[in-house]
Structure formats: structure tokens, C-alpha cells
Amino acid sequence: MSRATVELDFFGLEKGKKFLHRQRSFREIQSAISKINPELLKSVIASGSANQKSSNSELSLSVPSSPNGDQIVSPALPVYVRNDNNNNNNILHRESTTAPLTIFYNGTVSVFDVPRAKAESILKLAIEGSSKAVESATADTQLLDNLDGDLPIARRKSLQRFLEKRKERITFVSPYACHT
Amino acid sequence: MFNLIPEDWGGYVTPWVRAIAESFNCLRSLHFRRMIVRDSDLELLASTRGRVLQALKIDKCSGFSTDGLFFIGHFCRNLKTLFLEESSIIEKDGKWLHELAMNNTVLETLNFYMTYLTEVKFEDLELIARNCRSLNSVKISDCEILDLVDFFRAAVVLEEFCGGSFNEQPEKYSAVSLPQKLCRLGPTYMGKNEMPIVFPFASLLKKLDLLYALLDTEDHCTLIQRCPNLEVLETRNVIGDRGMEVLSRCCKRLKRLRIERGDDEQGMEDEGGLVSQRGLIALAQGCLELEYLAIYVSDITNSSLECMGTYSKNLCDFRLVLLDREDRITDLPLDNGVRALLRGCEKLRRFALYLRPGGLTDVGLGYIGQHSQHVRWMLLGYVGESDAGLLEFSRGCPSLQKLEMRGCCFSEQALAAAVMQLTSLRYLWVQGYRASAAAPGRDLLAMVRPFWNIELIPSRRVVDPSQIGEAVMVEHPAHILAYYSLAGQRTDFPGTVTPLDPEALHE
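Chains as they are written, first to last, in the working numbering: chain A, 40 to 219; chain B, 31 to 537.
Don't read these hints as lab results, they were simulated from the structure.
You may find that some hints are simply not true.
BS3-like cross-link-like pairs, simulated, lysine-lysine; straight-line CA separation at most 25 Å [stated by the list, open to error]:
{"#": "1", "chain 1": "B", "residue 1": "Lys285", "chain 2": "B", "residue 2": "Lys237"}
{"#": "2", "chain 1": "A", "residue 1": "Lys204", "chain 2": "B", "residue 2": "Lys202"}
{"#": "3", "chain 1": "B", "residue 1": "Lys122", "chain 2": "A", "residue 2": "Lys204"}
{"#": "4", "chain 1": "B", "residue 1": "Lys377", "chain 2": "A", "residue 2": "Lys204"}
{"#": "5", "chain 1": "B", "residue 1": "Lys222", "chain 2": "A", "residue 2": "Lys206"}
{"#": "6", "chain 1": "A", "residue 1": "Lys196", "chain 2": "B", "residue 2": "Lys87"}
{"#": "7", "chain 1": "B", "residue 1": "Lys285", "chain 2": "A", "residue 2": "Lys204"}
{"#": "8", "chain 1": "B", "residue 1": "Lys377", "chain 2": "A", "residue 2": "Lys196"}
{"#": "9", "chain 1": "A", "residue 1": "Lys196", "chain 2": "B", "residue 2": "Lys202"}
{"#": "10", "chain 1": "A", "residue 1": "Lys204", "chain 2": "B", "residue 2": "Lys90"}
{"#": "11", "chain 1": "A", "residue 1": "Lys196", "chain 2": "B", "residue 2": "Lys432"}
Note that this is a predicted model, so its numbers are computed, not measured.
Please build the complete structure, drawing on both the sequences and the hints.
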């Protein structure tokens, strides 16, 4: 089954920041890709929709394994590849049904684990948003109202904090650490 | 607590404390929840009512420091219960606990769980245990367990302990002997290697809190099967369907089960650590005494809910959240399952259902209205398809007093109409809805009536520090908050809150 595999290169991310593989809130994704080149995105979505008729393709990128949070993935040259129905020159294939949305920019990698529908709406919104963003400062709040009320499932503060602390412990503790 | 309502939304205790200081001569017990408390409030309260006060609960509050607690420790010498769980406390030192230890001999419940206080001295805990011969329940922040050996030895009648941490080599913990009567335990940061510390008295355990433990699915199975008398279990979904099956087989007395959402990030939790319809069915069939269930599931079917309706005859409180990680859910919409559950669980008083678009149709929402005769509180997330569903829902629910909704597609018009139809409603909270295009709030005018306060919290951007240390701008959608009050519109609301002004909207 062929899949639409596309690598996107676009603007809007801060320099030199390490991105961890984690599930991001809808809002973060929106702010991160607010200035995507609209023409580029339109063609991406068009190629994704075209493939939908033929197969269960996902409008998403895929990497075989997610980068470890502490690694900085060495930058690939920015590449835009459109999936062609006729040849299977896809960069990467994945067997599973949901592939993450991966963004390469300026030597950093962001991986967003979102369902396909969300990825599409993000890109669609970015196209709408980027054309409006230049116009006025209130464009972002307009985007907000247009959103389908997409709210992340809230988590209790104490549990959130515990999960973060646990992650810190795992990052800093090694088998050779001395116990005081 | 869930970062849904702004931190400073209002609710200062100062007017209450002033009234108490002036007139409430016999006040024995005071409980503030999610309010803003200042050190000056605590000082006033303690100095005026310290002698009579026996129970003080400052529950998920914020705005005060350990200086304020010092006054409590100093003046409230008859305090049997001091409860501070999940409050945001500015920590200056640990003197407050020392002051409490020096002045109190009647303390039974001490709780500063999830407050992240680090300056407290374990010697003061030990002193409290020695002085307070009735000390029954202690829940603390993460103090090293090995430092508490003497505390445990002194607390001879202790039945409940939560908190602590296990930072040393696992072998060292075999020397720790926990109090004989301990039957409620919440060992924070306990891992597989330290788990054997619990085994000697696991069969006595009635309550187990594993929310903040470091156990995987297998560990859960190992531990739970040793706890035949377990009545209350709280943990994350790392328990998995397998753990649920062990629970079903071994814990026939289970009354309350809470399964929270673990880490979403890959690799952080056990691969098998997901709960689905399989676990629910096992639970329903095995734990017939179940009264309370709060659960985050990764997959669900109508038949599992029907099963609950058949077996869970003692269920009073049911809360289900369908996680959003998986694209495909086995069996949606859940109309029939929800109906069966509501019809079968006749004792149900509290009900929460948090799904996704397509999770429940308008027909299903109508079923909730028809079959929730005695339900007093509901939280609904991503249910229904259109205003018609909400209107059908609100024709029922005769006992519904408090309604909370998130991520629903309903218009202001439908919300107002629903409010007017829900005969018992006295509190409404909505986040994520369709505002009136012309002027936000205009269509809510239909529910304006005496004593019904309507407040709007417009959408705003907030810097959210909790996302792994990065400061990220997060959009918070608009809220509607409405409630009955005999005191008129409140005056202590912050700038983020806008009381609905009918005159302004009529223009």
C-alpha cells in the first residue's frame, strides 16, 4: 500500500532548540508552523488528497524510529518530495497506520504524534493563518474561533509534575551513579 | 488543578476568615478548596480561632507560604487534622512543622502530600509521632524513606502513610519495618526492587495509591494479587488490561478504582500499559461491590459498557475518558452502551464521559437525558453532534444540579435553552463552544434570570511552563461559568473574568 510521504521544510521554529519526541498540544503545533509557505502546503495537501482515492495514505512524514530525546538529529538538506502515484520513490515506508508529523528545520527535528485528521487540519489552518497573520494581530484569535474546539485532555497537576520528575530521574541517573 | 480555570480566577478566603474571626465562636472544622489563601488570613484565623479549631483543610489552594503555616502550628494546639494536599505553598523553611511538633499532642491526620515541600525535617515528623499518640494518617512530600525508620517506629497506631521516596540501594529497605496497623499506603517513587517492603502486610491493605510509584504492568500484577482485602486502588493506566484481570480475580472487595493517564511519550510507560474494554469487562464481572470508577481507556466498546450495566449494580460514580492517541476505536458511537450502563446502574449519582467527535451521537446524548434519573453531576466532553442533541439531553436529567462541558459543538443559543430546561441546574461550566458570531455572549441573554450569575472568561494565551520546562504559549479557549447566588454578582474576580452585562449586549 503506497503512502504519501512528504518532508516539509518551513519557517517558524526557534534556532538551536532541542526538540523532544512527545505528543504536543494542538496549540503548540499551531504556533510552531504559523508561517508555512502557503503554496508549498497547498501542494502537499493536494498530493495527500489525491492519494486518498487510491489508498489509505496518510498525510504525514515518517521516520523508522523516533530520535532519542537527547540526540540532535543531524540535519538533512531541506527536501520536498511529492509522492507520485506512478512510481514508488517514497523516501520512507512505514507499516503501522499512524505516522508522526516530522518537521526538519535548521538542524533540528520536531516530531508530532497526531492523528492524520489533525495533521491535515493543522496544515490547512496554517495556510489560512499565514495569509492572515500578516494582515492583523487579531488573526490568531480568529484562528482560535475557527478551531473545532480542539482541547487537549487535561491532566492533574500533581500527576503531570510526577511524570516530569520521573523523566528527569531517568535522564540523570545512570548505572554508574554514586549513591551518597 | 487541571489548569483549566485560570489560577487567579478569584475566590479569596479573606472575607470568610474575617467573618469567622468575628463571629464563629464554636468553629471546629474549616475546609477551603481551590481558593486563594494569604499568610495574613492564616494568621488571623489561627490567632482568633486557634484554640477551638480541630480540623483545618487547605485543599488545592494557593497564595500562602510556610510563614502562614507557622501561625497554625503555633496557635492551633487542638488541631486533630491538618490537610494541605496539592496546595501551592511558597516554601521558606521547615519551621512550621517544628512549631506544630512542639505544640500539638492530639494530631491524628497530617497531610502535606503533593506540596513539594523539601525543607521539612524528618526529626520533626518523628517528634510528632512521639507526642501524638493518636496519629493515624500521615501523607508527606518526598522525604527519603530510610530517614523515616524512627518515625515509623514511633507511630504505633499509624494506619495510613503516603509519600516518601526510595533513593538508596534496594537492599537497605529490608530493614524498614512499617507500623503494624498500616492498611492504607501510597509509596511514591517506589520501584520494583523496593516493592517487597510491602509484602509482609499486603494482605492487610485496604487502600493502595500507586499513582506516583515506578511500577510496570507486571509489578502491578505481582502486588495486586497479594491484596485480597483491597477496597481502594489508585494507579496509572500502566496497570494494563492484565492488571485489571488480576484485580478482578483477587480483589473481590474493591469499592473504588481510579486509573489515571500515564505518560503519553513512547517508552516512558510499559508497552502493555493500556486499559481497554477487555479490562472493563473483567472488572465488571469480578468486582461486584464497585461503587466508584474513574478510568482513562485507550479503546472501548458498547458491550463493555453494557457489561457494566449488567454487573455493576453498586456503582454511584462513573467517569470514563477515551484517550486520543489511537486513531481507530473498536466500537463507536457508544450510544447503546451508555444507555445500557445508565439503565443498569440505578444508584448512579455522578457521571462523566469524555470522548471524541463521533463518540456519541445526538441520539446517544438524548439517551443520557432519558436515563439519568438520579444523576446530580455530569462532565461531558466531546459528545453529541449538534444543538439538537443538547436540547434533547436537557429535556431529561431531572436531578442534574451541576453540569460541566468541554469541547462540545453547541451554540450559545442551545446552551441557554438547555439551561432553562434543566429544572435542577444550579451550576454550569462550559469550555469550548460556538460563540455568537455578532457579539460573544449575546445569545446567552436567553438565560438571564434573577440570582443566576453568568461569567465569561474569554479565550486567552497563557505561558504554560509545565511542558517539559519550555515556556510555551498555549491557547485557552473561552469559558462560560454560570451559577446561582443569593449574594449577587461577585466583586473579587480578576481581569480575565467578564460578568455578562445584559445592557451592554442589548445595544
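To see whether the hints hold, each was checked on the structure:
no., hint, verdict
1, B:Lys285 x B:Lys237, "holds (10 Å)"
2, A:Lys204 x B:Lys202, "holds (23 Å)"
3, B:Lys122 x A:Lys204, "holds (22 Å)"
4, B:Lys377 x A:Lys204, "violated (39 Å)"
5, B:Lys222 x A:Lys206, "holds (17 Å)"
6, A:Lys196 x B:Lys87, "holds (19 Å)"
7, B:Lys285 x A:Lys204, "violated (31 Å)"
8, B:Lys377 x A:Lys196, "violated (31 Å)"
9, A:Lys196 x B:Lys202, "violated (32 Å)"
10, A:Lys204 x B:Lys90, "holds (20 Å)"
11, A:Lys196 x B:Lys432, "holds (23 Å)"
The structure fails to meet hints 4, 7, 8, 9 from the earlier list, while all remaining hints are met.
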